[in-house]
Amino acid sequence: MLMRSGFSGLAARLAVPALVALAPALGSCAESVTQVPPPVVDESAPTGTGQEIAVLAGGCFWGVQAVFQHVKGVTQAVSGYAGGGASTAQYETVSSGATGHAESVQITFDPRQISYGRILQIYFSVVQDPTQLNRQGPDSGTQYRSDIFAMDESQKHVAQRYIEQLNQARVFHGPIMTKVDTYTGFYPAEAYHQDFATLHPNYPYIVFNDAPKVENLKRLFPAQYQSTPALVGGEHAAR
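So for the sequence shown, this note's numbering puts the first residue at 1; every next one is plus one.
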(Lines of atoms letter the chains of each structure in order from A and count residues from 1; the text may use other names and numbers.)
(Lines give C-alpha, C1' and ligand atoms only; values in the text may rest on other atoms or scores of the structure.)
Protein backbone atom coordinates (compact mmCIF):
# COMPACT_ATOMS: atom_id res chain seq x y z
CA MET A 1 0.00 0.00 0.00
CA LEU A 2 1.32 3.42 -0.90
CA MET A 3 2.02 5.76 1.96
CA ARG A 4 0.03 8.94 1.55
CA SER A 5 0.73 10.90 4.71
CA GLY A 6 3.57 13.40 4.87
CA PHE A 7 5.99 14.52 2.20
CA SER A 8 9.15 12.50 2.83
CA GLY A 9 11.45 13.08 -0.13
CA LEU A 10 13.36 9.89 0.69
CA ALA A 11 10.19 7.82 0.77
CA ALA A 12 9.07 9.27 -2.54
CA ARG A 13 12.43 8.58 -4.18
CA LEU A 14 12.46 5.01 -2.92
CA ALA A 15 8.95 4.45 -4.20
CA VAL A 16 9.51 5.79 -7.72
CA PRO A 17 11.66 2.97 -9.21
CA ALA A 18 9.23 0.27 -8.12
CA LEU A 19 6.27 2.27 -9.35
CA VAL A 20 7.89 2.94 -12.70
CA ALA A 21 8.49 -0.79 -13.14
CA LEU A 22 4.84 -1.46 -12.37
CA ALA A 23 3.53 1.44 -14.44
CA PRO A 24 1.82 -0.62 -17.18
CA ALA A 25 -0.10 -2.74 -14.69
CA LEU A 26 -0.98 0.13 -12.39
CA GLY A 27 -1.96 2.40 -15.23
CA SER A 28 -4.28 -0.14 -16.84
CA CYS A 29 -5.88 -0.86 -13.48
CA ALA A 30 -6.48 2.82 -12.73
CA GLU A 31 -7.92 3.45 -16.18
CA SER A 32 -10.42 0.56 -16.06
CA VAL A 33 -13.78 2.31 -15.83
CA THR A 34 -17.44 1.66 -16.51
CA GLN A 35 -19.48 4.52 -17.91
CA VAL A 36 -22.82 4.02 -16.25
CA PRO A 37 -26.15 5.25 -17.64
CA PRO A 38 -27.67 8.39 -16.14
CA PRO A 39 -30.15 7.97 -13.31
CA VAL A 40 -33.78 7.49 -14.25
CA VAL A 41 -34.74 9.38 -11.09
CA ASP A 42 -33.11 12.77 -10.47
CA GLU A 43 -33.90 15.88 -8.46
CA SER A 44 -36.44 18.31 -9.86
CA ALA A 45 -35.18 21.25 -11.89
CA PRO A 46 -34.18 24.10 -9.55
CA THR A 47 -36.51 27.05 -9.19
CA GLY A 48 -34.11 29.36 -7.36
CA THR A 49 -30.57 30.58 -7.82
CA GLY A 50 -28.92 28.93 -4.82
CA GLN A 51 -26.20 26.31 -4.79
CA GLU A 52 -26.43 22.76 -3.47
CA ILE A 53 -24.04 20.47 -1.64
CA ALA A 54 -23.20 16.82 -2.14
CA VAL A 55 -20.92 14.86 0.20
CA LEU A 56 -19.35 11.75 -1.30
CA ALA A 57 -16.75 9.21 -0.19
CA GLY A 58 -14.98 6.93 -2.64
CA GLY A 59 -11.49 6.06 -1.48
CA CYS A 60 -8.65 8.52 -0.99
CA PHE A 61 -10.07 12.03 -1.07
CA TRP A 62 -7.24 13.34 -3.23
CA GLY A 63 -8.69 11.67 -6.32
CA VAL A 64 -12.33 12.37 -5.51
CA GLN A 65 -11.53 16.04 -5.05
CA ALA A 66 -9.44 16.16 -8.22
CA VAL A 67 -12.25 14.76 -10.36
CA PHE A 68 -14.97 17.08 -9.10
CA GLN A 69 -12.73 20.14 -9.25
CA HIS A 70 -12.75 19.55 -13.01
CA VAL A 71 -16.54 19.28 -13.33
CA LYS A 72 -18.44 22.22 -14.83
CA GLY A 73 -20.96 23.63 -12.39
CA VAL A 74 -18.87 22.67 -9.35
CA THR A 75 -17.72 25.80 -7.55
CA GLN A 76 -15.88 24.09 -4.69
CA ALA A 77 -14.72 20.59 -3.75
CA VAL A 78 -13.21 20.31 -0.28
CA SER A 79 -11.45 17.23 1.08
CA GLY A 80 -12.46 16.19 4.57
CA TYR A 81 -14.11 13.67 6.83
CA ALA A 82 -17.73 12.57 7.26
CA GLY A 83 -19.52 9.87 9.19
CA GLY A 84 -17.89 10.41 12.58
CA GLY A 85 -17.61 13.09 15.23
CA ALA A 86 -15.68 16.35 15.39
CA SER A 87 -13.25 15.11 18.04
CA THR A 88 -11.82 12.42 15.73
CA ALA A 89 -11.76 14.38 12.47
CA GLN A 90 -7.98 14.44 12.04
CA TYR A 91 -6.06 12.50 9.40
CA GLU A 92 -3.91 10.38 11.69
CA THR A 93 -6.91 9.48 13.86
CA VAL A 94 -9.18 8.72 10.91
CA SER A 95 -6.44 6.52 9.45
CA SER A 96 -6.98 4.07 12.32
CA GLY A 97 -10.24 3.03 10.67
CA ALA A 98 -12.01 3.13 14.02
CA THR A 99 -13.62 6.59 13.99
CA GLY A 100 -16.64 6.01 11.74
CA HIS A 101 -15.28 8.67 9.39
CA ALA A 102 -14.73 8.17 5.68
CA GLU A 103 -12.36 10.31 3.66
CA SER A 104 -14.94 12.44 1.86
CA VAL A 105 -15.37 15.44 -0.38
CA GLN A 106 -17.91 18.22 0.08
CA ILE A 107 -18.99 19.33 -3.38
CA THR A 108 -20.72 22.68 -3.84
CA PHE A 109 -22.45 22.89 -7.20
CA ASP A 110 -24.88 24.97 -9.23
CA PRO A 111 -27.92 22.74 -9.94
CA ARG A 112 -28.75 24.88 -12.97
CA GLN A 113 -25.51 23.68 -14.58
CA ILE A 114 -25.27 20.13 -13.26
CA SER A 115 -27.80 17.99 -11.44
CA TYR A 116 -27.27 15.85 -8.37
CA GLY A 117 -27.96 12.81 -10.51
CA ARG A 118 -25.21 13.77 -12.95
CA ILE A 119 -22.84 14.24 -10.01
CA LEU A 120 -23.63 10.65 -9.00
CA GLN A 121 -23.20 9.39 -12.56
CA ILE A 122 -19.66 10.79 -12.60
CA TYR A 123 -19.06 9.39 -9.11
CA PHE A 124 -20.02 5.86 -10.15
CA SER A 125 -18.29 6.05 -13.54
CA VAL A 126 -14.83 7.49 -12.93
CA VAL A 127 -14.23 8.16 -9.23
CA GLN A 128 -14.26 4.64 -7.82
CA ASP A 129 -15.11 0.96 -8.16
CA PRO A 130 -18.35 0.82 -6.16
CA THR A 131 -18.23 -2.98 -5.93
CA GLN A 132 -15.29 -2.84 -3.51
CA LEU A 133 -16.08 -3.03 0.18
CA ASN A 134 -14.08 -0.83 2.54
CA ARG A 135 -11.27 -0.27 0.06
CA GLN A 136 -10.37 1.50 -3.17
CA GLY A 137 -7.29 0.72 -5.21
CA PRO A 138 -4.24 0.41 -2.94
CA ASP A 139 -6.06 1.74 0.14
CA SER A 140 -8.04 -0.44 2.54
CA GLY A 141 -10.09 0.23 5.66
CA THR A 142 -13.51 1.61 6.49
CA GLN A 143 -12.16 5.14 6.05
CA TYR A 144 -11.88 4.37 2.31
CA ARG A 145 -15.42 3.04 1.93
CA SER A 146 -17.83 4.07 -0.78
CA ASP A 147 -20.48 6.22 0.89
CA ILE A 148 -23.03 8.83 -0.12
CA PHE A 149 -23.98 11.23 2.67
CA ALA A 150 -27.42 12.47 1.67
CA MET A 151 -28.15 16.05 2.67
CA ASP A 152 -31.92 15.54 2.58
CA GLU A 153 -34.62 13.03 1.67
CA SER A 154 -34.53 14.06 -1.97
CA GLN A 155 -30.84 13.23 -2.31
CA LYS A 156 -31.33 9.98 -0.40
CA HIS A 157 -34.17 8.95 -2.73
CA VAL A 158 -32.15 9.73 -5.86
CA ALA A 159 -29.10 7.85 -4.58
CA GLN A 160 -31.02 4.78 -3.43
CA ARG A 161 -33.03 4.52 -6.64
CA TYR A 162 -29.88 4.97 -8.72
CA ILE A 163 -28.09 2.14 -6.93
CA GLU A 164 -31.15 -0.07 -7.44
CA GLN A 165 -31.20 0.88 -11.14
CA LEU A 166 -27.52 0.05 -11.66
CA ASN A 167 -27.74 -3.22 -9.73
CA GLN A 168 -30.81 -4.35 -11.67
CA ALA A 169 -29.06 -3.55 -14.95
CA ARG A 170 -25.96 -5.44 -13.76
CA VAL A 171 -23.78 -2.62 -14.94
CA PHE A 172 -20.87 -3.78 -12.79
CA HIS A 173 -19.29 -7.20 -12.34
CA GLY A 174 -20.72 -7.44 -8.83
CA PRO A 175 -23.24 -5.77 -6.51
CA ILE A 176 -22.69 -2.15 -5.53
CA MET A 177 -21.33 -1.79 -2.01
CA THR A 178 -21.88 1.97 -1.79
CA LYS A 179 -23.69 3.00 1.37
CA VAL A 180 -26.28 5.76 1.52
CA ASP A 181 -26.19 7.48 4.90
CA THR A 182 -27.85 10.54 6.32
CA TYR A 183 -25.49 13.51 6.48
CA THR A 184 -24.48 14.32 10.06
CA GLY A 185 -21.59 16.70 9.49
CA PHE A 186 -18.51 17.39 7.42
CA TYR A 187 -15.08 18.37 8.73
CA PRO A 188 -12.52 19.85 6.31
CA ALA A 189 -9.20 18.04 6.15
CA GLU A 190 -5.84 19.55 6.93
CA ALA A 191 -4.45 22.19 4.58
CA TYR A 192 -1.82 19.89 3.09
CA HIS A 193 -4.58 17.59 1.78
CA GLN A 194 -6.39 20.34 -0.15
CA ASP A 195 -5.80 20.64 -3.92
CA PHE A 196 -3.22 17.86 -3.55
CA ALA A 197 -3.49 16.48 -7.09
CA THR A 198 -3.01 19.94 -8.61
CA LEU A 199 -0.16 20.95 -6.31
CA HIS A 200 1.69 17.62 -6.56
CA PRO A 201 1.00 16.25 -10.06
CA ASN A 202 4.23 14.20 -10.07
CA TYR A 203 3.61 12.53 -6.71
CA PRO A 204 3.63 8.78 -7.50
CA TYR A 205 0.25 8.09 -5.91
CA ILE A 206 -1.35 10.85 -7.99
CA VAL A 207 0.33 9.72 -11.22
CA PHE A 208 -0.84 6.13 -10.97
CA ASN A 209 -4.15 6.42 -9.14
CA ASP A 210 -5.74 9.83 -9.54
CA ALA A 211 -4.54 11.48 -12.74
CA PRO A 212 -6.16 8.68 -14.79
CA LYS A 213 -9.49 9.45 -13.14
CA VAL A 214 -9.36 13.05 -14.33
CA GLU A 215 -8.42 11.85 -17.81
CA ASN A 216 -11.37 9.46 -17.78
CA LEU A 217 -13.66 12.32 -16.79
CA LYS A 218 -12.40 14.30 -19.77
CA ARG A 219 -12.83 11.32 -22.10
CA LEU A 220 -16.21 10.03 -20.93
CA PHE A 221 -17.88 13.31 -19.93
CA PRO A 222 -16.44 15.95 -22.28
CA ALA A 223 -19.49 18.20 -21.90
CA GLN A 224 -19.03 18.26 -18.12
CA TYR A 225 -15.23 18.63 -18.10
CA GLN A 226 -13.48 21.91 -17.32
CA SER A 227 -9.72 22.20 -17.75
CA THR A 228 -9.20 24.76 -14.97
CA PRO A 229 -9.90 23.17 -11.57
CA ALA A 230 -11.98 24.90 -8.92
CA LEU A 231 -9.31 25.05 -6.23
CA VAL A 232 -9.78 25.41 -2.49
CA GLY A 233 -6.60 27.36 -1.88
CA GLY A 234 -6.56 26.49 1.82
CA GLU A 235 -9.60 28.65 2.58
CA HIS A 236 -11.66 25.76 3.95
CA ALA A 237 -8.86 23.62 5.33
CA ALA A 238 -8.78 22.57 8.96
CA ARG A 239 -6.48 24.62 11.09
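Honestly, the hints are just simulated from the structure, not real lab data. Hints should not be assumed to be uniformly reliable.
For lysine-lysine, the following DSSO-like pairs were computed, each having C-alpha atoms within a straight-line distance of at most 27 angstroms [to be verified]:
(1) Lys72 x Lys179
(2) Lys218 x Lys72
(3) Lys156 x Lys179
(4) Lys156 x Lys72
Label-pair distances were calculated between CB atoms; the ranges are [said to hold, decoys possible]:
(5) Gly97 x Val180: 18 to 26 angstroms
(6) Val41 x Thr182: 17 to 25 angstroms
(7) Gly174 x Gly233: 23 to 31 angstroms
(8) Leu199 x Pro46: 30 to 38 angstroms
(9) Thr75 x Pro37: 24 to 32 angstroms
The beta carbon of each residue, even a glycine, is placed where N, CA and C say it ideally should be.
Which of the numbered hints are not met once you compare them with the structure shown?
7
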